[in-house]
Amino acid sequence: MSQQIGTERGSTDALVQVRNLKTYYDEGGLFGGQPVRAVDGVTFNIQEGETLGLVGESGCGKSTLGRTLLQLEDATGGEILYDGEDITSYEQDELLSWRRNAQMVFQDPESSLNERMTVGEIVREPLDVHEWKTDGERRQRVQSLLETVGLQREHYYRYPHQFSGGQRQRISIARTLTLNPDFMVLDEPVSALDVSVQAEIINLLEELQAEFGLTYLFIAHDLSVVRHISDRVAVMYLGHIMEIGPTEELFADPSNPYTHALLSAIPLPDPGQERDRITLQGTPPNPRYPPNGCPFSTRCPARIRPSGYQDLDEGVWSQLNTVREVLRERQRADRTIRERIRGSLGWETRFGDMNDTITELFGEFEVPANVQEILDEVARRANENDEEAALTLLNDEFGSVCDGVDEDPEQSDSELQFYTVGSTDRKSYCHRHDSEYREPGPVIEDRSIKEHGE
Amino acid sequence: MTADRVRDRPDREDPILQVRNLRTVFYTDRETIRAADGVSADIYPGETLGVVGESGSGKSVTARSIMRLIDSPGQILAGSSIRYRQTETVRAYADSFSGHTAELSDVAHEVDKSAAFDQIDRTPQHFGHERPEDVPVADLVGGGYGPELGLCDEGDFVFVTDGEATRPGQIQRGFVEITALEGEAKRLMRGGRIAMIFQDPLSSLNPVFTIGNQIKESLNLHRDMRGSEATREAADLLEAVGIPDSRRRLKEYPHQFSGGMRQRAVIAMALACDPDVLICDEPTTALDVTIEAQILDLFTQLQAERDLAILFITHDMGVIANVADRVNVMYAGEMVERADVDQLFEHPRHPYTQGLLESIPGAQSGDSLSTIEGTVPTPNEPPTSCRFADRCPKAFEACREVHPVSVPANEQNDDHTAACLLYPENMSEQEAAMMHDQRNPPREESDTS
Chain A
261 MSQQIGTERG STDALVQVRN LKTYYDEGGL FGGQPVRAVD GVTFNIQEGE
311 TLGLVGESGC GKSTLGRTLL QLEDATGGEI LYDGEDITSY EQDELLSWRR
361 NAQMVFQDPE SSLNERMTVG EIVREPLDVH EWKTDGERRQ RVQSLLETVG
411 LQREHYYRYP HQFSGGQRQR ISIARTLTLN PDFMVLDEPV SALDVSVQAE
461 IINLLEELQA EFGLTYLFIA HDLSVVRHIS DRVAVMYLGH IMEIGPTEEL
511 FADPSNPYTH ALLSAIPLPD PGQERDRITL QGTPPNPRYP PNGCPFSTRC
561 PARIRPSGYQ DLDEGVWSQL NTVREVLRER QRADRTIRER IRGSLGWETR
611 FGDMNDTITE LFGEFEVPAN VQEILDEVAR RANENDEEAA LTLLNDEFGS
661 VCDGVDEDPE QSDSELQFYT VGSTDRKSYC HRHDSEYREP GPVIEDRSIK
711 EHGE
Chain B
4 MTADRVRDRP DREDPILQVR NLRTVFYTDR ETIRAADGVS ADIYPGETLG
54 VVGESGSGKS VTARSIMRLI DSPGQILAGS SIRYRQTETV RAYADSFSGH
104 TAELSDVAHE VDKSAAFDQI DRTPQHFGHE RPEDVPVADL VGGGYGPELG
154 LCDEGDFVFV TDGEATRPGQ IQRGFVEITA LEGEAKRLMR GGRIAMIFQD
204 PLSSLNPVFT IGNQIKESLN LHRDMRGSEA TREAADLLEA VGIPDSRRRL
254 KEYPHQFSGG MRQRAVIAMA LACDPDVLIC DEPTTALDVT IEAQILDLFT
304 QLQAERDLAI LFITHDMGVI ANVADRVNVM YAGEMVERAD VDQLFEHPRH
354 PYTQGLLESI PGAQSGDSLS TIEGTVPTPN EPPTSCRFAD RCPKAFEACR
404 EVHPVSVPAN EQNDDHTAAC LLYPENMSEQ EAAMMHDQRN PPREESDTS
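The listed protein sequences derive, respectively, from chains A and B.
With this note's numbering, letter number 10 in the first sequence gets 270, and the count goes up by one each step, no holes.
With this note's numbering, letter number 2 in the second sequence gets 5, and the count goes up by one each step, no holes.
Everything labelled a hint here was simulated from the structure, so no lab data went into it.
The C-beta atom is built at its ideal place from N, Cα and C for all residues, glycine as well.
Please note: incorrect hints may appear among the correct ones.
[Said to hold, decoys possible] Chain B regions said to be covered by chain A (calculated; three or more residues, Cβ under 8 Å):
no.	stretch
1	117 to 130
2	196 to 203
3	410 to 420
[Said to hold, decoys possible] Short derived list, chain A residues pointing at chain B, Cβ under 8 Å:
no.	residue
4	Glu310
5	Glu370
6	Ser424
7	Asp454
8	Ala459
9	His481
10	Asp530
11	Arg537
12	Thr539
13	Ser578
14	Val586
15	Leu621
16	Pro628
17	Gln632
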C-alpha cells in the first residue's frame, strides 16, 4: 500500500525528498512474527528554508520518521533524497560527513545532555568529532554560539544541572548549530517546557531559521505550537501521512476526517466557545497489526457504511465499533496454557462470555433483528475462541471500502490513494474524496447532529 | 456542556472544602522552601476548581497537603487550616471519634479576639485580616491555636459549630480539620472522602497485581466489600469509566492497558470509595489530545452523575478553559488571582495571568510570541515584595517593597481577586501600596514557626 504524491516529484528546490519510506521494527526475528510498522510508506518533500510541521498522536511514527530521516534508524524500504542524493544507500564514512548538514534537537532537555560534561564540552563535541580547526578556534566558536542562543560566554565552564529546562534546551540547540547544518529535525523540542519558556524557545528557533536559512522538520503533538511555527503541516496516523498541506489552510479547513477530529480535540483557551467536539472512540490500533484498508477506519467519525445499513442508529454503530475493538483485543491477548486448559474444560477464564459483553453494550439501544442475529453469531464464534472468524463476519457485514471490503468488485479500484483537496497544493488520504462519496466534513456534522439529537 | 455548569445554580451551597492560609515548607540544608505560602481556596460541591501555574508554582504541593501526603523534610506549618465541611462526614466523625470532638457552638461568640492575639505569637495579618475581630474562630482553631486559647483540647480534629458533640446525629454544621488528622481518622478521609488522581497512571498502578485486584482492594478497605460482590462492583466501575468488556479487563495487568485506559482504571479506583472530592493533579498531561478529550468528557459526565467537587490542577490553559468553573492562578507558592473561568480568560487582571495567556501560541497573531522574561523564583524567604515584580512588565517602585495581598480586582464581580498592587483600581498606586502593606504581617528577622 504505497502512498503516491506524484506531482511533487522533481520539484527543484526540495531539500529533502522522501519516497515511499518504510521503517519496520522487529522484522522477521526468530519466530517470524509480524513486524511493527512504525512508518509504513510515506512520501513528501521539504522545501529549502521552510518549516514542515509533523503532528500526530504518540505511537503514530512521527519520531521514527524524524530519526529515519537522519539515518538514526535504518529504513526498511523507500528512499530519502537529500539534495538529490539517496542517503539510505550511504556507507558509514559518507554518513559521517553528511551528518554535518543535518542535526537533531531532542524532546527532553534533562536526558539529552551529559551531566558529567561542561556545557563547553557538550557543545563542542561535534566539532571534536569532525576535527574542526584548532582548539582555540573551537572554543571561540562555541562561546559565540552560546551568545547566539541567548546564553553567556562564561556558561562554557558550567555544568548542565546549573541550568533550567529552557536554558538546557538552548544548550541543545547550540550543539546542533556548531557544524552549520542546513537541515534540523526538532523532535518535540518544547513539549517538556512551561508555556512562557516554550514561547522563548519558539522565538529563538524562528530567529535562528531567519539568520542561518535553516530548514526544519518540527515534530510535535501540540497543534497550537505547530500552527504557529510551520509553513506546511503533515498529519500522521499509524505510520501514514493522512493529510499534508499549507498550515493555515489545513487548520482553517481540514479535509481528512482524522485532521477534523484532531483539531476539534484541542482544548482551546477560551471558555466561552461552544463547539461540537468530535470525541474519537478507542485508541489507535497496534502498529504491529494495522487494520485492513484505511489505517484510521477503526476510529473514523466519517467511515463509509455499507449500503444495506444506512438507517442504523448512531449509537449502534459506535457500539459495533466497540465490539470490533474488543474482539481485536481478545485476539491479541495472550492465552496462557492454564487458561487454555481451563477453557477446554469449560471452566471460567478471564475471557468471559461474549454474550454478556454484547448485551451490556447494546442494552440501551433498539437493535434490528437482522443485526441482532449477526451479533449472536459473532458472540458464538467468539465464545469458541475463534475471534478471527467473528471478526471476519463482522467485517463482511458491516465493513465497507474503508475496511478493505470491496462491496462492488465491478467498480474502479478501491485502493486508498491521495486526493488533491483545497485551493493550494494539499493532499488528503481518504476514500471520501472520491466523487462517489460525500466529503468528510458534512458527514461528520450530520452524524454528530444525529447522535446528539440537536 | 457549559450551560448546566454549577456556577449558574442559584443555590450555591457552602464550600465542601475550605483551605485557609496553608503554608507548606520544605527544610533543606541550604534553605527553607516555602512551596505553598499562605494559600486559601474554597471548593463547592459539584463544581470544578481549576488551579493553574507553571512548574514550581506550588500547585501539586497544595494538592498533596490536602491529602496529607507531605513527608519529611516537608511540613505543614501551624496556622494552616484545611476544613472538610460536609455535614454527613462531620456527623460520622463525631460519632466515631467522640474523644477528639470539640464544640465551638457556644464559645465562638465569647472569644475576645484581641486578647486571643496577645496570647499567641501571631497577628491578624497572618490570617489575612487587618483587625483581630475579623479573623474567624475556625481559622484560629483549625490552625492549631485552639488549645492555647482554651477552645479545645490537644489532638481534637472534629469541630461542631452548630449542634451538640454528644448527639452526632443532630449536628447541623461543623468541620473536620484535615491538618490535625492522624492514624485511622486520616486513613478514612483519604480515599474515602477525598480521592486523588495523579499525572502518570502507570506509577499509580501496581504492575504485579491485576486491575481488578487493585480496585477490589479499595472496595475492601473503604466499603467492606468482598468476593463476588466486590468483583461485580469493580466491573460496574470499569463500565462507568468507559472500559468495555470489563470482566475480562478486571483480570488483566496494567501493562495490558493503553495509556488512556490506564487513566480510566485509575479514575475507577478513585471512585471506588465514592468520594465527594476528587483531586486531579495533571490527569491528562501524559495523554494524547484525542485521549485527553475522552478523559475530560468522562470527568464532566462523572461529575454530573455523582455531584463530585473536583480540584483540577494543570498547566494547560486550554484544559482549564474546558473543565473549570472557577480558576485560581498560582505563582511561587501563592494564589495570585482567582476568578470565574469566563472572567479570567476575558479580563485577566494580574500581569502574570495576562502574560501566561499571551504566551500561548495561536492566541496571538504577531510574528514572534510574547514571553514572560526570566523564571519562577524559588520562594525561600518570607515575602517582602511582589514575587513577580522582577518579571513584571508593569512593575513600579512599590512592587519591590510591598508584598501584595489578594484584593477585589473587578468592579463587576466581587469574586474576582488579584494579589497585585495595581488593584483595587479606584486607588492610586501609593494608596494601594499603603493598603497592601498594612495587611501584611509585621516583618520578622526569621519566620520559623
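Per the CB criterion, is A/Ala459 less than 8 Å away from chain B?
-> holds, 4 Å
Agreement of hint A/Val586 with chain B interface, Cβ distance less than 8 Å | Holds - the Cβ of A/Val586 comes within 8 Å of chain B, reaching about 4 Å at its closest.
Quick one, is the A/Asp454 hint okay against chain B at 8 Å, beta carbons?
-> Holds - the Cβ of A/Asp454 comes within 8 Å of chain B, reaching about 4 Å at its closest.
Hinted contact A/Thr539 with chain B - closest CB pair below 8 Å | holds, 5 Å
With a cut-off of 8 Å on the beta carbons, see whether A/Ser578 makes it to chain B.
-> violated, 11 Å
Restraint outcome when A/Ser424 is required to lie within 8 Å of chain B by C-beta distance = Check passed: Cβ of A/Ser424 comes within 5 Å of chain B, closer than 8 Å.
Chain A covers the stretch 196 to 203 of chain B, three or more CB atoms within 8 Å, holds or violated | Violated - the stretch 196 to 203 of chain B has 0 residues with a Cβ nearer than 8 Å to chain A, which falls short of three.
How about A/Glu370: closest beta carbon in chain B under 8 Å, or not?
-> Because about 12 Å separates A/Glu370 from the closest Cβ in chain B, which is outside the 8 Å limit, the hint is violated.
A/Leu621 as an interface hint toward chain B, with CB separation required under 8 Å = Cβ of A/Leu621 sits 6 Å from chain B, so the hint holds.
Under the criterion of a CB-CB separation shorter than 8 Å, is A/Gln632 in contact with chain B as hinted?
-> violated, 18 Å
Against chain B, is A/Asp530 within 8 Å by beta-carbon distance?
-> holds, 6 Å
Hint check: 8 Å Cβ-Cβ cutoff, A/Arg537 to chain B = holds, 6 Å
Checked against the numbered hints above, the structure violates hints 1, 2, 3, 4, 5, 13, 16, 17; every other hint is satisfied.
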